[in-house]
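Student: Now for the letters of each chain:
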Amino acid sequence: MEKAAPFRDRATYALDVQLASLASAGDDAAFTSLVTRFQPAVFRWSLTFASDPDEAEDITQEVFVRVHRQIGNYRSDGLLEAWLYRITRRTASQLRRKRGRRGRLALSPAARPDREVYTTDPGGRVDRQRAADIIRELFAELPRRQREIFDLVDLQGLSPGEVAERTGMRPVSVRANLFKARKAIRDGLLATHPAYGELST
Amino acid sequence: MNCRECLEELATGSLRELTAESAVSRHAANCPDCGPLLTQLRDREYQAATVLNNLPPMSDPIVMADSAGRLARRRRMGGVVVTLMSIALGITIWFAADTMISDFGHSQFGDNLRTETISLSCLTPEQAGEVISPYVRSHGSSYYVGPPGVPAITVRATPTELSQVRTLLNDFDKGRHASCHTDMATTFRQLDRQLQELQKLQPVLAGMKPNPAKPKPQTSKPANPDDK
Numbered sequence: 001m002e003k004a005a006p007f008r009d010r011a012t013y014a015l016d017v018q019l020a021s022l023a024s025a026g027d028d029a030a031f032t033s034l035v036t037r038f039q040p041a042v043f044r045w046s047l048t049f050a051s052d053p054d055e056a057e058d059i060t061q062e063v064f065v066r067v068h069r070q071i072g073n074y075r076s077d078g079l080l081e082a083w084l085y086r087i088t089r090r091t092a093s094q095l096r097r098k099r100g101r102r103g104r105l106a107l108s109p110a111a112r113p114d115r116e117v118y119t120t121d122p123g124g125r126v127d128r129q130r131a132a133d134i135i136r137e138l139f140a141e142l143p144r145r146q147r148e149i150f151d152l153v154d155l156q157g158l159s160p161g162e163v164a165e166r167t168g169m170r171p172v173s174v175r176a177n178l179f180k181a182r183k184a185i186r187d188g189l190l191a192t193h194p195a196y197g198e199l200s201t
Numbered sequence: 001m002n003c004r005e006c007l008e009e010l011a012t013g014s015l016r017e018l019t020a021e022s023a024v025s026r027h028a029a030n031c032p033d034c035g036p037l038l039t040q041l042r043d044r045e046y047q048a049a050t051v052l053n054n055l056p057p058m059s060d061p062i063v064m065a066d067s068a069g070r071l072a073r074r075r076r077m078g079g080v081v082v083t084l085m086s087i088a089l090g091i092t093i094w095f096a097a098d099t100m101i102s103d104f105g106h107s108q109f110g111d112n113l114r115t116e117t118i119s120l121s122c123l124t125p126e127q128a129g130e131v132i133s134p135y136v137r138s139h140g141s142s143y144y145v146g147p148p149g150v151p152a153i154t155v156r157a158t159p160t161e162l163s164q165v166r167t168l169l170n171d172f173d174k175g176r177h178a179s180c181h182t183d184m185a186t187t188f189r190q191l192d193r194q195l196q197e198l199q200k201l202q203p204v205l206a207g208m209k210p211n212p213a214k215p216k217p218q219t220s221k222p223a224n225p226d227d228k
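Quick mapping for you: the protein sequence lines, in order, are chains A and B.
Those letters in the first sequence? Residues 1 to 201, per my numbering, in order.
Those letters in the second sequence? Residues 1 to 228, per my numbering, in order.
Because the hints were derived from the structure by calculation, they are not lab data.
Owing to the predicted nature of the structure, the values given are computational and were not obtained by experimental measurement.
Fair warning: there could be bad hints in the mix.
[Unchecked claim] Covered stretches of chain A (in silico footprint by chain B; criterion: 3 or more residues with CB under 8 angstroms from a CB of chain B, positions within the stretch not fixed): (1) 19-32; (2) 78-92; (3) 153-166.
Backbone N, C-alpha and C define an ideal beta-carbon position, used for all residues, glycine too.
Take the sequences, apply the hints, and build the full model.
Tutor: Pasting the structure below:
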C-alpha cells in the first residue's frame, strides 16, 4: 500500500509556502499549481467523509473554493497539507449537515450527477463502484470520528501520533476510537469463528 | 496462544504491524479456523486500502482550479452585495422609523435635551407655561414653574423647541406688544383715535347728512400730555 507522501522536506515545504503566497496575491497560475498538487490528496481525504466518490468530488471542489477565499489566512509556520486537511474535514462536515440525511447520494441514484467518466471510461466506472461498495461496507455504520481514524491509520498508513497531530485529538482518544472502529469493522468476520462465542462472553 | 487470545488480538490489533514472527501469525499458521480468518481480514483491508488509495479524482485539476476561482470570486462579490444591501436596509429602516414614529431614537439620546431657565418680566410663570406648552411636545420635554413669587420658567426641551420657546417669550413677555409694557401715552393715543372715528359716525347715527365743509369742532381735547 502506498503511503500518502508527507511533505516534510524543506524544499517541498518552501514550494508550498511560495505557492500559497503567490495564490493569496491573486496569481491564478500558482493557484492552479496548488490545486494540481493537492487535488489527489484532498480527494482521498474526502473519500473518508463521503458516501461515495461522487460526493467526494463535490467535497473536493468545495474545498478548493474555500481555499481560494481563505488562502490569505494560511500561516506558513504549519504544513500546508495539514491546513488543507482541516479545511477538508470542516467542509465535509458542513456539507453533510447541509444535505441533512446521511448517505443520501449513495441511496438515491436519481440524485447522482451525470458524470462523464461513466460513459467514457468503463474501467473508471468499475473502480468507483468498488470504492463506493467498500465505503458502504466498511464505513456505513461507523461514527464519523471512528471512520476517519480507521481510514487514516489502517488504510492510509499514518501512525496514531500523526493522526492525533492532524486531527487535533489526544493520542489516547485516537487509540480508543481506533480500537472501537476495528472491532466494529471486523466483528462480522470474527463471528464466523467457532471460538467467537467464548470471546463475547 | 489459543484461538480465544488470537481472536482478541485480531479484534482490535493492527494487521499492518503483524509480522510473520508474531504469536498471532504463528498460531494462525497452524490453526485451521484462525488461519483463513486472518487471511480474510487482511485481504479485505488490503483491498479497501488499494482501491481507495489508488482511485484518481475524476475532475481535471485545471478545470477545477478555474471553476473554484470563479465560484470564490462570485461568492466574494455576493458577500459584498449582501453587506451593502444589509447596510442600505438598516439605513432605510432607521429613516422610516424616524419619520413614522414620533421621537424615535430621542429616548436613546437623552443628552439631546437641554434645560434652560428663562426669566419673565411680564407674564406669570403659569401664563408662560400655557403659551409655550403646545411647542414643548417631544419625548422627555417639559417645563417647570418655580415657587410662587419667582418670575421665571425652566424649560427642558430639544434645541429646536428651546429656540421656539425663546422666540415666543420674547414676543409675549419682553416684546413691545407685551401687555405690561404698554405705557399710558400709547393707551391714550389709541383711545383718542377710537373717539375720532366715533365722532365721524355720529351724524350718520343721528340721521343727518354730515357737512364735510364745516366740520364740527372737536368736543374733547387730546389727553395726551405730549400734544400739549
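Student: Hint by hint, say whether it matches the structure.
Tutor: Hint check results:
Coverage of the region 19-32 of chain A by chain B holds. Counting CB-CB distances below 8 angstroms, 3 residues qualify, and the rule asks for three or more. Here the region 78-92 of chain A counts 0 residues with a CB under 8 angstroms from a CB of chain B, which misses the bar of 3, and the coverage is violated. Chain B is given as covering the region 153-166 of chain A, and this holds because 5 residues of the stretch bring a CB closer than 8 angstroms to a CB of that chain, at least three being needed.
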